[in-house]
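Colleague: Sequential numbering from 1 applies to the sequence shown in this note's numbering.
Any given hint could turn out to be false.
In silico SDA-like cross-links for lysine to any residue, where the CA-CA straight-line distance does not exceed 20 Å [to be verified]:
#: 1; residue 1: K252; residue 2: F296
#: 2; residue 1: K252; residue 2: A294
#: 3; residue 1: K140; residue 2: T158
#: 4; residue 1: K186; residue 2: S57
#: 5; residue 1: K140; residue 2: L243
Read the hints as simulated data drawn from the structure, not as lab findings.
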Amino acid sequence: MAFAPGKVILLGEHAVVYGQPALAGALSSGVTVTTRPGRGRLRVAAWNVDIDRHDPSPLGQAFAALAARLYPGSEGPGQSAGLDVDLEVEFQVPTSAGLGSSAALAVALCRALARARQQELGTAAILDAAMAAETVFHGKPSGIDAAVAVHGGFGRFTRAAGWTPTRAARPVPLVVGHTGRQRDTKGRVARVAELASERPAEMETHFRAIGALVEQGIAAVLAGDFAALGAAMNENARHLEVLEVSCPEIEKMCTLAREAGALGAKLTGGGGGGCVLALAPGREDAVQAAWSRAGFTSFVTQVGQVGQVGEARQGDPP
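Input sequences plus hints: build the corresponding full structure.
Modeller: Written out as structure tokens, the structure is:
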């Protein structure tokens, strides 16, 4: 059995694709993969899915891309070593919601296959295979979801430097609500690319502004200043509207959260649907109640812990 966590992006999504930093953290929940003797099948019981790497679905193609990176030239995962396994997947986070479920799946699959082979895989190998799968799912992923899934904890990410763990003065409490619409990472990433091509100077201004907000957010986390972090989240949300990655449900949830006392609220992940984050210390129940009355589901969680966070997990389920 192997585990990888889901994630939230507190600040910086989309701009991170264009060289800016992002601030992200791992959830305590994620994806668990269990291996059993078999024929290289991938099963998701909750979806009634039972496929192999030759299946033409996006999941099958992602599985094939991951296997090809881990075991180039082999007919299937593990077969080059004479080991046949099936993999059973359990999601503990909502999928297609901007919470990093696909990256957590890819990393958990890598870890499970390595354990079945009694093989040690380095971080670089896992990231490479996970990114091959993420490219199938999302087209041009930034790499942040895979980095969080591999390293866990809480930290700063750039495409150039990768993941840098961040020390938090105290855990960051969050209410995570679902819009009821699947997030559209591939579509929103493509739209931002179109805007960057059509209006490069304007979009670069927004990207740089988001990058500055990330640095402010990191300073706020280091100081335990939730008011400053919430203000950065709200300003980041305004830039994301201009980048056309929001949607009416996201805007409604953000407004309801702020009216209920949240210090900050914004989408997390690709946008176009998926999830919204609300930073509302001491007002979590009020935010959840406001969302529930409007028909939105939610849960309360926290990111980071006092002291060093961002240390690599061992891949075990919580």
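Colleague: Could you work out which of the previously given hints the structure breaks and list their numbers from low to high?
Modeller: Nothing - there is no hint that the structure violates, so all of them hold.
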